[in-house]
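Visitor: Residue strings, one per chain:
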Amino acid sequence: MALDTVAIAAQTPDQEQPFAALGLKPDEYQRIREILGRRPSSSELAMYSVMWSEHCSYKSSKVHLKQFGEKAPHSDALLVGIGENAGVVDVGQGYAVTFKIESHNHPSFVEPYQGAATGVGGIVRDILTMGARPIAVMDPLRFGPADAPDTRRVLPGIVAGIGGYGNCLGLPNIGGEIVFDETYAGNPLVNALCVGVMRHDQIKLAKASGAGNLVVLFGAQTGGDGIGGVSVLASETFGSTGPAKRPSVQVGDPFTEKVLIECSLEIFAEDLVVGIQDLGGAGLSCATSELASGGSGGMRVELDTVPLRDPSLSPEEILMSESQERMCAIVEPGKIARFLEICKKWDVTVNVIGEVTDGDRLIITWHGETIVDVPPRTVAHEGPVYNRPLAKPEYVDRVNAQVLDLPMPQSAHEVKAAIIKLISSPNMADKSWVTSQYDKYVQGNTIQSQPEDSGMIRIDESTHLGVAISTDANASWSYLNPYEGAKLALAEAARNIATAGAKPLAVTNCLNFGSPEDPGVMWQFAETVRGLADGCLEMGLPVTGGNVSFYNQTGDVAILPTPVIGVLGVIQDVRSRTPMSFTDAGLELYLIGETTNDLAGSEWAYMHNQRGGQSPIADLQREIRLIELLLEGQSIFAAAHDLSQGGLAVSIAEMVLHNNIGATISLDQEIGIVLLSETPGRVVVAISPDHAGELISLARKYDLAITKLGTTGGTSLTVNDAVIPLDELRTAYTQTIPKLFG
Amino acid sequence: MKVGVVTFPGSLDDRDAARAVRAGGSEAIALWHDDADLHGVDAVILPGGFSYGDYLRCGAISRFAPVMGSIIEKANGGMPVLGICNGFQILCESHLLPGALTQNQGLHFLCTPQKIKVENISTPWTSNFTEGLEIVIPLKNGEGSFQCDDETLAMLEGESRVIARYVGVNPNGSRNLIAGISNARGNVVGLMPHPEHAIDPLTGPSADGLPFFTSILNAMVGK
Numbered sequence: 001m002a003l004d005t006v007a008i009a010a011q012t013p014d015q016e017q018p019f020a021a022l023g024l025k026p027d028e029y030q031r032i033r034e035i036l037g038r039r040p041s042s043s044e045l046a047m048y049s050v051m052w053s054e055h056c057s058y059k060s061s062k063v064h065l066k067q068f069g070e071k072a073p074h075s076d077a078l079l080v081g082i083g084e085n086a087g088v089v090d091v092g093q094g095y096a097v098t099f100k101i102e103s104h105n106h107p108s109f110v111e112p113y114q115g116a117a118t119g120v121g122g123i124v125r126d127i128l129t130m131g132a133r134p135i136a137v138m139d140p141l142r143f144g145p146a147d148a149p150d151t152r153r154v155l156p157g158i159v160a161g162i163g164g165y166g167n168c169l170g171l172p173n174i175g176g177e178i179v180f181d182e183t184y185a186g187n188p189l190v191n192a193l194c195v196g197v198m199r200h201d202q203i204k205l206a207k208a209s210g211a212g213n214l215v216v217l218f219g220a221q222t223g224g225d226g227i228g229g230v231s232v233l234a235s236e237t238f239g240s241t242g243p244a245k246r247p248s249v250q251v252g253d254p255f256t257e258k259v260l261i262e263c264s265l266e267i268f269a270e271d272l273v274v275g276i277q278d279l280g281g282a283g284l285s286c287a288t289s290e291l292a293s294g295g296s297g298g299m300r301v302e303l304d305t306v307p308l309r310d311p312s313l314s315p316e317e318i319l320m321s322e323s324q325e326r327m328c329a330i331v332e333p334g335k336i337a338r339f340l341e342i343c344k345k346w347d348v349t350v351n352v353i354g355e356v357t358d359g360d361r362l363i364i365t366w367h368g369e370t371i372v373d374v375p376p377r378t379v380a381h382e383g384p385v386y387n388r389p390l391a392k393p394e395y396v397d398r399v400n401a402q403v404l405d406l407p408m409p410q411s412a413h414e415v416k417a418a419i420i421k422l423i424s425s426p427n428m429a430d431k432s433w434v435t436s437q438y439d440k441y442v443q444g445n446t447i448q449s450q451p452e453d454s455g456m457i458r459i460d461e462s463t464h465l466g467v468a469i470s471t472d473a474n475a476s477w478s479y480l481n482p483y484e485g486a487k488l489a490l491a492e493a494a495r496n497i498a499t500a501g502a503k504p505l506a507v508t509n510c511l512n513f514g515s516p517e518d519p520g521v522m523w524q525f526a527e528t529v530r531g532l533a534d535g536c537l538e539m540g541l542p543v544t545g546g547n548v549s550f551y552n553q554t555g556d557v558a559i560l561p562t563p564v565i566g567v568l569g570v571i572q573d574v575r576s577r578t579p580m581s582f583t584d585a586g587l588e589l590y591l592i593g594e595t596t597n598d599l600a601g602s603e604w605a606y607m608h609n610q611r612g613g614q615s616p617i618a619d620l621q622r623e624i625r626l627i628e629l630l631l632e633g634q635s636i637f638a639a640a641h642d643l644s645q646g647g648l649a650v651s652i653a654e655m656v657l658h659n660n661i662g663a664t665i666s667l668d669q670e671i672g673i674v675l676l677s678e679t680p681g682r683v684v685v686a687i688s689p690d691h692a693g694e695l696i697s698l699a700r701k702y703d704l705a706i707t708k709l710g711t712t713g714g715t716s717l718t719v720n721d722a723v724i725p726l727d728e729l730r731t732a733y734t735q736t737i738p739k740l741f742g
Numbered sequence: 001m002k003v004g005v006v007t008f009p010g011s012l013d014d015r016d017a018a019r020a021v022r023a024g025g026s027e028a029i030a031l032w033h034d035d036a037d038l039h040g041v042d043a044v045i046l047p048g049g050f051s052y053g054d055y056l057r058c059g060a061i062s063r064f065a066p067v068m069g070s071i072i073e074k075a076n077g078g079m080p081v082l083g084i085c086n087g088f089q090i091l092c093e094s095h096l097l098p099g100a101l102t103q104n105q106g107l108h109f110l111c112t113p114q115k116i117k118v119e120n121i122s123t124p125w126t127s128n129f130t131e132g133l134e135i136v137i138p139l140k141n142g143e144g145s146f147q148c149d150d151e152t153l154a155m156l157e158g159e160s161r162v163i164a165r166y167v168g169v170n171p172n173g174s175r176n177l178i179a180g181i182s183n184a185r186g187n188v189v190g191l192m193p194h195p196e197h198a199i200d201p202l203t204g205p206s207a208d209g210l211p212f213f214t215s216i217l218n219a220m221v222g223k
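Protein chains in written order, with the working numbering: chain U, 1 to 742; chain A, 1 to 223.
If we strip away everything but chain U, and leave its shape as in the complex, we get (with noise of 0.2 angstroms):
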C-alpha cells in the first residue's frame, strides 16, 4: 500500500477510508474530518480510531463518572487523583502508595493465557509508570458455571497466564474472588489490581513539557501484536459468528517486563525523567497524544526510528500495536547519556524517536513524510462524549416483587447437610488450587493473602508500616438494585480492611458491565456510579481511579453488573493485624451486628436458583462505626472474620478450617436465617474471656447489636445440635475445585 501522507489527505477530501472497520461511527469520523479541516490520513485515521475507542475515551460513561470528582469527600491523603495512570495516596512516613484495578477481559476469552497475562503486565506498568516499585498484584475473576466446557478451557488458562506473567515479575498475587455464574458463560471478567509504593517525592506523571526534551522509547521491540486490541477487542460485543479475532490478543514476555521494572526504577531514582508514560492500549498512538496532551502540547517523533519486530510493519500498523513491556519517556537532552547508559545495562533496548516541540501539534514522520498532523488533545483528551439514553429495565420490578421461596435448614441433619452443601459449592468452596499457583512470599513481605478478608503487605521494614487491600463485588445485589449493590460492595471492602485493624483510606474500581448501547445496561451502570460516589462521599473515601469495560455480553444477553471495588487501607505496625481465624482453643466467638432475613440474593438462594427479592439497603452509618469497633478494639480481637457469601455459615466454617481448630456455638433464633441470611455490616470475632466486657461495652458505644455464639476448640464444628468432623467439613471445602479443574 502506497504511503498516506497528511499532503495527499489534503489533497484527496473524497478518498474512501475504512472507518468503520476500525470502530469510528460515521459522525465520529466527521467530527475528525471538522477537527483537521480535511480527510485525515490513514496514520491519523489510525490514532483517532484507537483512542476515541470506548475502552481509551471513556465516551459512555464519562458523563457519570464525573460524579467522583464532584462528590470527592475531603482527604488529606489523596496525592494524585483520578485522570493520571493512576491514583496515588499518603500512608504516613513519607510513603505515597498508588494502586488501581483494570480489565482484560475480552481477550482473556480469545486466548486466555495471553490475555490474563498481558492483563498484569498491563497494571503493573501503570503502577510503575508513577514511579512507583510495584508490590503486589490480586486478581478478582468471574467465569461462567464450573462445570460448562469453557470454563474448563478458559479457566486453567486464566490462571496460568497471571500466575505466568505475575510470579515471572516478582509479585506477590495477594487475593482477589472467583466467581462462577451463568452470566459470565463467554464473557469471562479478569480485573487485575497492582499496588506500588514509593517516597512523596518520587512521584511521576504523564506531561511532556520543556521545547527540546527528548522522546525516548524504552523497552519490548514493537511487533503485529494486539493491533486495534482496544477498539476492535474491547469496544464490541462478540457475535456467534464472525472472525477469528486472535490477532488482537497481545503476547506477553514477563522477563522484559521484569528488567524494564529495574531498568525503570534505576531511572527513577536518578530523576532522569520529566514525565513518562507506559505503552498500553492503543500503544504509541495513546503514549504521545496523551504525553503531549498532558504537557503544552508540541510533539514531534520519526515513527520510522522505533525499532520493530517486525520489519514489514506499516505507519498505522506501529503507531496501533499493543505490544507489550514498553515505555515512553521524556528526558532532557544533558540527561540521555546516563538514561542510555542504565537501559545498556539493564540490556533494554531504547531509542530517541523525537522531541518536544514549542508548538501544539502533535507531528509524526515516516521516512520525512508527514504523516501525522493533529492537534493531541483531539486524539487524547476530547473524543467523543455521549449522554447515552438510559432507562430502567423491566425485569428489576418484577424480580424485586418475587417471593423467595426457599428451603430452610432446622432440625441437626439439616442445618449440617446445609453447611455441607454450601461449603462445597463452587462459589465458595476452598480455592487453593488456584492460589497455589501464584507466588505469595516474594519480596518476603506479605503479611496476609488469600484466604485471609484482605492481602497485606509490609512496606517498611523498621517500622512496620503496611498496607492492606480488599477487592468486592456482589453481582447479585447490583443485578436485583446496582445503587445499593455499588454501595454495599464498597463496604465490604472496606470492612474487609478493618477486620484485619487497617484504617480505610482509599477506593478504586473497575466497573464491568454489558453493552452501553443497551439503556437497561446503560441504566445498571449509572446506578453504579451513583452509588459509589454517593458511598464513597459518606464513608469518606475518595474514589483515586478506575477502569470502565463495556461489552461484556454475548448477543441480548448481559453479565451480571459487576461493579468490583478495591478499598485500600493503612495499618500502622503489621505484626499487630488481626488474622481470620483464631490459633487457641477456649476462646470466645462473637457476631458483631444484626441478622435479618437478607436471603435475596444470597449463595444459598442462588444454589436453589432463586434470583428475586430485594437487595439488602446499605447502612453506610452503621458500617463506619462497625470499622471503628474493629480499630478500637483492635488489641483483644485474637481472629475477626468478615460475613458476606455464605453468610455466618460460611464464615464460621472458614475460620475453623484456617488453623483446624473447632467451635461450637449455639444459635438460639431462627437457626436457618442466622446460618444463610446475607446481612451486611456484620464480622465474627474470637476473643479471651477476659475481654467480654471491653467488648460488650464497645459494642455499646458504637451502638452495633452483639451475639455471643460460643467457643473455640475441639475437632469438630458444632451448630446446636448439629456435630461436623472438621475432617468431613474439610473434604467437603477442598475437593470440589480440585476435581473440576485439576
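Derived from the structure by calculation, the hints contain no laboratory data.
Where a beta carbon is used, it is the ideal one built from N, C-alpha and C, also for glycine.
Treat the hints with caution; some may be incorrect.
Label-pair ranges, simulated between beta-carbon atoms [unchecked claim]:
no., chain 1, residue 1, chain 2, residue 2, range
1, A, His95, U, Ala211, 40 to 46 angstroms
2, U, Gly334, A, Asp35, 24 to 30 angstroms
3, A, Leu202, U, Leu631, 18 to 24 angstroms
Put chain A on the given structure of chain U with help from the hints.
Guide: Just chain A, lined up with the frame of chain U:
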C-alpha cells in the same frame, strides 16, 4: 563475614536472600551477573527467580554469565555456594551439581508451605540443624522435579549427598523425594524450597529457614 548474592536479569528473590543473610548475622554483598569480580566474598548464594525468563532451559543462559566463571572456579576450590530454586537449576546447568530439575509432575506452578526433612548437617549451609529435623519452608516453582539417572541417584544416596527430602506426598515428582543435594565435597548445595522466605513467621510459614543462614556464618567463622 561476607556472603554474595548474585542478581541475574530476572532474579526475583535476591533481596529476600540478602535479608536472610543479614538475619543470619553476615554481611550481604550484591553481585552482578555481568561482573566477574566476586568482591572478596566468603560464600555465594544464587537466588530464586526466572533468570533470563527461564528461556531455553531454566538456568541454561545464566550459567554462561561472567560471574559464573568466577563462582565455578571458587566453588571447585571449596567456597560455599548455595543455589535456591532457580539457583539450584543454574548449579545443575553449570555441572557443579548432578541431575536436572524438570517440570512438576502436576504440570502447574506450585506455591505451598512444604515440610522437608534435613538429612545431612555436615555442609556449611546445614550445620546448625539437627539431623533428621523436619521443617516447613515455602516451595514455589514450576520446574522443581529433581531427575537423574539411576547411577547418579545411587551415588547421591550412597554418599549421603541428599541434603533434604520432601515429607509426605511428593509435591513435584522428584526422584526419592529429593528437595536438595550437595556436591561431593559438600560446599555446593542446591535446594528447591526457599529458606529465605522462612526467616520470620510474620512473612513466611515459619522461621525454620534461618539456620541455613546462621550455619554459613558459623562455617566461615570456624575456619
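Visitor: Against each hint, give a clear statement of whether it holds in the structure.
Guide: Hints and how they fare:
1. His95(A) <-> Ala211(U): 40 to 46 angstroms: Violated, at about 57 angstroms.
2. Gly334(U) <-> Asp35(A): 24 to 30 angstroms: holds, 28 angstroms
3. Leu202(A) <-> Leu631(U): 18 to 24 angstroms: The hint (18 to 24 angstroms, Cβ to Cβ) holds, given that Leu202(A) and Leu631(U) are roughly 20 angstroms apart.
Checked against the numbered hints above, the structure violates only hint 1.
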